[in-house]
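J.: The residues making up each chain are set out below.
Number of protein chains: 2
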Amino acid sequence: MNQGLDGIHSTSVGESFTLIGKARRKLSSIKHKIMVLSGKGGVGKTFLSTMLSLELARRSYRVGLFDADIHGSSTSVMLGLQQLRLYADDEGIRPVEGPLGLKVVSMNFMIESLDTPIIWRGPLKSRAIMELFSMINWGDLDYLVIDMPPGTGDEAITIAQVVGDIDGAIVITAPGLMNEAIVSRAIKFTKSSGIPLLGIVENMSYYKCPHTGAIHYPLGRSTGEHLAKKYSSRLLAKIPIDPNIEDALAGGKQFILEYPDSEASKAIAELAATIVSLVEKPTNV
Amino acid sequence: MNQGLDGIHSTSVGESFTLIGKARRKLSSIKHKIMVLSGKGGVGKTFLSTMLSLELARRSYRVGLFDADIHGSSTSVMLGLQQLRLYADDEGIRPVEGPLGLKVVSMNFMIESLDTPIIWRGPLKSRAIMELFSMINWGDLDYLVIDMPPGTGDEAITIAQVVGDIDGAIVITAPGLMNEAIVSRAIKFTKSSGIPLLGIVENMSYYKCPHTGAIHYPLGRSTGEHLAKKYSSRLLAKIPIDPNIEDALAGGKQFILEYPDSEASKAIAELAATIVSLVEKPTNV
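Protein chains in written order, with numbering that gives the first Met the number 0: chain D, 0 to 284; chain H, 0 to 284.
With the rest of the complex left out, here is chain D (with noise of 0.2 angstroms):
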């Protein structure tokens, strides 16, 4: 795979809709394909995004989990899969095998150590998304979730395009005034890309303090709700700083698995089930 990578350039017009066809019949196999976004960073989306793949496997689904965050890839720090590496044979690539069976593909399996930077030109993402795709074999799954990169750019124009029939849109916001700005252009771009927006997470929403149990907003005010009215949308759920969260994380546990009982594995827990309602029941996204 290493090859491959080194020798990835930009793609003409020809070869991208090659490219394309080929990751259109790898990707038949999958029943419901999830797109995880926020125009922001930081916001939690590889977290959303693991969490809720771990859920749904953790509901007997099959699940694929695809980092789309070329340099700011982080899935296996997050699923404890650091050493893994992605293997590809004659057949195409075989995604890593994560907890609960999830199947894993994130640039963290191809580069050298984590801390290498990806410094890559748009062209080159945009290629190296399209070739992927176009190589991995996923089998029969009933779950894809896409982990999306910040801002609307290379990575998020060529998903929109190679993947093609995604179910819907989950985005993510934090509370902030300027989250709610800029994430209102994820919900602008799942708009003029197609994609069905399913609806609003507002995470890192409250912290309750394990001494008193009183809830704090220390990053100021939701914007979940505000969102989900502006854009005609639902607030899916609202999820709280947990320290827990890093304590799994440094254990190389997963926070769902280690702290069910904690409020922000229920409201995973719950996302979960209202997505699988949402794409289910076509009609009522």
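Accuracy of the hints is not assured; some may be wrong.
The calculated lysine to aspartate or glutamate pairs, modelled on DMTMM-like cross-linking and capped at a C-alpha distance of 20 angstroms, are [stated by the list, open to error]:
id, chain 1, residue 1, chain 2, residue 2
1, H, 190, D, 245
2, D, 190, H, 111
3, H, 207, D, 111
4, H, 207, H, 245
Honestly, the hints are just simulated from the structure, not real lab data.
Given the structure of chain D, go ahead and fit chain H onto it with the hints provided.
T.: Coordinates of chain H only, in the frame set by chain D:
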């Protein structure tokens, strides 16, 4: 200016050369250029860039601020300048004038409304950055602070090329293992681009309970000391989570001017003093 933006297309090598030459001439009246970056989104690059710029302006330096985050630009919100637009004439582009005489250029000042997504691929983004820098009349400045987008893609590569003689980079991190891995990539990017690393700032380091005064670490373990040690650099500041940051923002005020005695403002004041001493004694960098 809108016509200019609509007409943006990707750039030939010859054109790039000309644009870079023009940009360098426009930038030659600026004494010091500081890049604020992080591999990660959502760690507070824009907050830090604007507050550092304001703090330098408060110390009577002539300061410019360039917001290089095309998709997630939010400088105008942070500075309460949402309603302003850039003005271009035959001489070029005149920066927007912000609080304390700060000269600001951001994509925010060129788009129709704050929630409009800029759905651009890399070559367009590079072209836009080169064109902007080739046209902006900064005038005589002591400092230009460049607020970088997340990642090490087109914007970062192009700015390193166009601006050329950057005095140094401040790398922003936040607590948590995940940030540590991704922020390392930004540090390696500065090294591979030949940009001196001035040091590391840890944002959202801790949260002091307003009721009990107890210190909480909602985002997990500190990363700043460890990164500074690992890359033989220095930890320039630790800035706490402070809900007044959002309150100031919502009220259209600047946090460091509104809450000068807060721990966060004091940390930013010290940061500014350190940066001044570092770039004005380049042998120590």
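J.: State for each hint whether it applies.
T.: Checked hints:
no. : hint            : result
1   : H/190 <-> D/245 : violated (29 angstroms)
2   : D/190 <-> H/111 : holds (17 angstroms)
3   : H/207 <-> D/111 : violated (39 angstroms)
4   : H/207 <-> H/245 : holds (15 angstroms)
Hint compliance for this structure: hints 1 and 3 are broken, all remaining hints hold.
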